[in-house]
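Trainee: Listed below, chain by chain, are the residues.
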Amino acid sequence: MSVPSHTTSRPAFNLEALSNYAVLAAFLAIIAFFAIFADGFLSLDNLVSIILNKVVILAIVALGMTLVIASGGIDLSVGVSIDLSSMVFVMLIAAGYGGFVGAVGGLAAALCVGLANAALINKLKINPFLATLGILFIGETVQRVATGGGNPIYLTRGQYAGTFDVIARTEFLGVPTPIILMALCIVAVYLALHRSVFGRFVTVLGDAPDVARYSGVRVGFHTSIVFVACALLSGLAGILLSSTVRSYVPLSGDAFLLDAIGATFIGTAINSERRPSVVGTLLGVLLLAVMRNGLLLIGWNFFWQQVGIGVLVFLVLGISFGLRGRSE
Amino acid sequence: MSEPAIEMRNVRKTFGPVIALEKADLVVHPGTIHGLVGANGAGKSTIIKILAGIYRKTAGTIRIFGETIEDVTPVAIERRGVHFIHQDRLLVPTATVAESIFLRNEPRFGPFLNHRHMRRRSKELLHRYFDLELSPDTLISELSTAQQKIVQITRALAQDARVLVLDEPTAALIDKEVKSLFKVLRRLRDDGLAIVFISHYMSEITEICDTVTVLRNGVDVGVVDPREVGIPRIVEMMTARNTSEMYPRRAVALGAPVLSVRDLTCEPYFRNVSFDLHAGEILGLTGLLGSGDKEVLKALFGQLRTDSGEIHLNGERVEFRSPVAAVSSGVAKIPEDRRAHGVAAGLSVRENVSLASLSDVSSRGFVNRSREVEVVSGLIDDLNIKTPGPDQLVKNLSGGNQQKVVVAKWLNCNSQVYLMDEPTVAVDVGAKIEIFELMNRLAEEGKALIFLSSDLEEIVEMCDRTLVIYRGEMIADYARGDIDADRLLAAASGAPAERGTPAPVRRSA
Amino acid sequence: MSAVATAGTARPTRRKRDYSKLAVRLGAFAGFAAIALYFAATARGFVSPYNLTNIVEQSTILGLLAFGMTLVFAGTGTDVQKGGIDLSLAANAGLCAAVYAVLLRNGYGSAIAIPAAILTGMAIGALNGVAVVLFKIMPLLATLAVLNIAEGLELTLTENTVVPVSSPLIDMLAFGRFLGLSSLTWIFVVATIVLVAIAHYSRIGLRLYAVGGHKEAARAAGINNGAYVYGAYIAAGGLAGLTSILIVARLSSSTPGTGQMLLPVLAAALLGTVFSRRLIPTIGGTCLAALFIGTLANGFQLLGISSYWVSGVQGALILVVVAVTSFAKK
Chain L
3 MSVPSHTTSR PAFNLEALSN YAVLAAFLAI IAFFAIFADG FLSLDNLVSI ILNKVVILAI
63 VALGMTLVIA SGGIDLSVGV SIDLSSMVFV MLIAAGYGGF VGAVGGLAAA LCVGLANAAL
123 INKLKINPFL ATLGILFIGE TVQRVATGGG NPIYLTRGQY AGTFDVIART EFLGVPTPII
183 LMALCIVAVY LALHRSVFGR FVTVLGDAPD VARYSGVRVG FHTSIVFVAC ALLSGLAGIL
243 LSSTVRSYVP LSGDAFLLDA IGATFIGTAI NSERRPSVVG TLLGVLLLAV MRNGLLLIGW
303 NFFWQQVGIG VLVFLVLGIS FGLRGRSE
Chain F
108 MSEPAIEMRN VRKTFGPVIA LEKADLVVHP GTIHGLVGAN GAGKSTIIKI LAGIYRKTAG
168 TIRIFGETIE DVTPVAIERR GVHFIHQDRL LVPTATVAES IFLRNEPRFG PFLNHRHMRR
228 RSKELLHRYF DLELSPDTLI SELSTAQQKI VQITRALAQD ARVLVLDEPT AALIDKEVKS
288 LFKVLRRLRD DGLAIVFISH YMSEITEICD TVTVLRNGVD VGVVDPREVG IPRIVEMMTA
348 RNTSEMYPRR AVALGAPVLS VRDLTCEPYF RNVSFDLHAG EILGLTGLLG SGDKEVLKAL
408 FGQLRTDSGE IHLNGERVEF RSPVAAVSSG VAKIPEDRRA HGVAAGLSVR ENVSLASLSD
468 VSSRGFVNRS REVEVVSGLI DDLNIKTPGP DQLVKNLSGG NQQKVVVAKW LNCNSQVYLM
528 DEPTVAVDVG AKIEIFELMN RLAEEGKALI FLSSDLEEIV EMCDRTLVIY RGEMIADYAR
588 GDIDADRLLA AASGAPAERG TPAPVRRSA
Chain G
14 MSAVATAGTA RPTRRKRDYS KLAVRLGAFA GFAAIALYFA ATARGFVSPY NLTNIVEQST
74 ILGLLAFGMT LVFAGTGTDV QKGGIDLSLA ANAGLCAAVY AVLLRNGYGS AIAIPAAILT
134 GMAIGALNGV AVVLFKIMPL LATLAVLNIA EGLELTLTEN TVVPVSSPLI DMLAFGRFLG
194 LSSLTWIFVV ATIVLVAIAH YSRIGLRLYA VGGHKEAARA AGINNGAYVY GAYIAAGGLA
254 GLTSILIVAR LSSSTPGTGQ MLLPVLAAAL LGTVFSRRLI PTIGGTCLAA LFIGTLANGF
314 QLLGISSYWV SGVQGALILV VVAVTSFAKK
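Sequence order for the protein chains is L, F and G.
Residue 99 in our numbering sits at position 97 of the first sequence, with consecutive numbering throughout.
Residue 175 in our numbering sits at position 68 of the second sequence, with consecutive numbering throughout.
Residue 27 in our numbering sits at position 14 of the third sequence, with consecutive numbering throughout.
Pulled out of the complex, with its shape left as it was, chain L reads as follows (with noise of 0.2 Å):
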């Protein structure tokens, strides 16, 4: 057929389209509806607290989680990266060592669980739901042994004061760290993917690994790269997290697992060219903190919270894969 083919998919395009201002407006409307409905919502103090609570943790674990599902891959085991490096790095701080020994620590650990999954999916060819499950157990044994059952540890004031309060209650210039350290991991992870060489080649990995692997991409390195970054950025997340709540729970980081591939889906839904990108996961990490927390506030438990966020996410992919299918 000599006519161009782009015109046969213009229906389609407008239906594509639309999907992306559906979810884009059911957005807008979720928050139009706190602003007007939950009593504080639009208040200074609850918005920065949104971000302080219920963003900046997930987002840094849904920045890996985005790198590794552009790439083509699913990594479910950031959980055990938190936990590891939230594990190490109470330990190492109620050993006496110090913070910054302590988030050298809980860092090297993540980095062994991305290497552990990097070398699984590279050496032994094992699909990374499968390599990154089969390491999610592993840490579980993990933890419960090294905790003596899952008990968790707990820093007393003379433990943690001086060196641990350094990383997630100060500020700098007016802003709290954990934000600052949050708004770099955006900004690296936002050039790495979108703007680098090695984006483009993740890219292309998620959409056609053998067009990737006969254009010359190092496949392997490129996947063991992303799976390592995911690990590390997981870490960062675990010692965030412990150090708000100045303890380790065990097994406590698997709960940002769902939130962290909702987050970088509904954002990939919400992206023009239906990619992982990091605006759209940031959207996405946004959507879940604001439902949580409009929620809370019209007094909704946290069991109901639950409910609404899995209708909210089933409805945003049932819209953008339901027209997407319809238009193909």
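FYI, nobody ran anything at the bench for these hints, they're computed from the structure.
For every residue, glycine included, the Cβ atom is placed at its ideal position computed from N, Cα and C.
Be aware that one or more of the hints could be misleading.
[As the list claims (entries may be wrong)] Interface residues of chain L toward chain G, partial, derived using beta-carbon atoms under 7 Å:
id, residue
1, L49
2, L132
3, E142
4, T143
5, L260
6, F267
7, W306
8, Q308
9, G312
10, V313
11, F316
12, F323
Got chain L; can you put chains F and G on it based on the hints?
Mentor: Coordinates of chains F and G only, in the frame set by chain L:
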């Protein structure tokens, strides 16, 4: 004459503004083998998909054994005895032969499957029609391509097919297998079945078909007796042009050898392959399915580890352990499976074209977007890629334009050697000519090309020299003008005595 | 003399693959047997009839849920990332348990509570079906969202507390015995037989596997793929509902945290593939895998090894199995 088994009249199909089938008739009588030919995009697959109930016709009437069918669905059509043997071997890889033959038509024993009956009948049918002793418990994934094709046909026969529609049934078969398939088809025809036979191979059409419907641009331009009118006339009807216009001419003086291969061996695929490839040369490479020709390309691109032998690139010994190494030495490959290996369909033209040469448009690891757009736009104009702009997604382009995107990618990184694996598969005639022109241009610019194709005419017309691989051995090395398609075919089938026997070279599904 | 029969290009590799597949299967059986023998030799009381039935009993709940997962895999393929999966299965069982327990607590009889629990499970399964078939959401994501919904509803119903219940039926399920075997054991045996019959000896099963094995081939054969995918999810949900009653019976309560079973359930369904000739999930294979996991947990217990190790061993098993099968398939 008897009542037609299939009678499709004035069938029309449009996709939005695109007319896939303008107004076509297809009438097939019982007891005949009816050929359906046409260039890619002529509407062959569209009319078949309408008959199969996969597409819904925009207009026209469809009668099966005299009965007008308004709502054509796969189930409705199958119930009337019309069965389709699809080109891709549509079988469940994890099912057994018996299960595949009886899928959706399973004999029962009470509420349960009658496994014994399934096994026995399968054995019987395979033996009766194909003289084939195959355990009904064999898994589909363990069968050869030809055996899978046979299971597909047996499935139709098990359901008492009255009409068989075979879409490129010989595509993945070797000479002998084609012969025995034709024997079966003739027997079925003599039993009174109506058979629709779709093939790219004109020699097969003339050998087996009693009548042929020729499609061009969505219109049936004629129904002829192939033995009467002959191949050249049918091709003329298909393309509406003289065959000689298909292949643009070129005169290039060969330069120095670029790629020298000596005694390259990679068991069990091929042995002792040696040749020199010169700058400005188009070297043909062909062979039957499984002959090892594809593996030669793979070895040259670092996808296969060789056992022994040497590859020299510009006089220097090289050893490619991965495609990464091959690409960085200036070897480019245009893979056969475009969707899986050639283009990232979900990404833009820009991202695809610049993929292999990102370092040229980036600094310190970051992509310079405006440089990139500039370079890519230049190539889009240069290669005449039909796209609204560099940011159009590749999946929205036509097959020929996608192929040009792949070429543009390699052009952009100054590759010296181009390994082209079936570059003209599934592109329409117009795009084919453009790809040939592009190949000539590359040669004129001093690049060296290896052109692997199972379309022997293409090889004969386009190549300066042609290597033929037969069972892993390089058995012939012809210069241009020394060969015709028949000689090539005889060599590829490894049987010079059978010279001139019509048989296809492989085209994988 | 048949030309076609002798033709074929994939021959040499085919033999090799046959042997490697066989090796995987034999290896799997040998591994299971070796571990059982090891426990028999070192763990006192392992081979006592009481302990053996105990293993089966311990494996029942895991096994039934894994059967649900197996049906979903059968109908949607085992590529867990792009194919199908039901992440909501365990959470669904938790929700059904909550429905059952709360209804009993509020004075409704089993005649209402049991159908309500099973229907709840099927409804959640249908929701997965809608998401996957109608909305065409990737199953991984769709069932993830449904997992959140199911878990949230469970928490809402029980307010994250233990809901203790008792009824004659529950006593019978928990303590009843018939021919020397407990009720749970009988249920496991009957469920296995029924599901083997449906999945491997009926038209429905054959077609379900065809849909999961090759979508286009199934469609070309005239099978309504969507209906089978719906069916698989709904059946899995129904099994979750059924299992929830056993969960409540075993614990005499609905307890938060049933969702934690997801990973062992996945492990059992995936491990089961190595016991099948075709290296696909089968009811029989899943049954063996569930017993295998139950044996491990039981043996560890008897040997005094901390239960912390169980999940780690499961994880390592998954990795070994997947790595070995992917090499065998090559």
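Trainee: Any of the earlier hints contradicted here, and which numbers?
Mentor: 1
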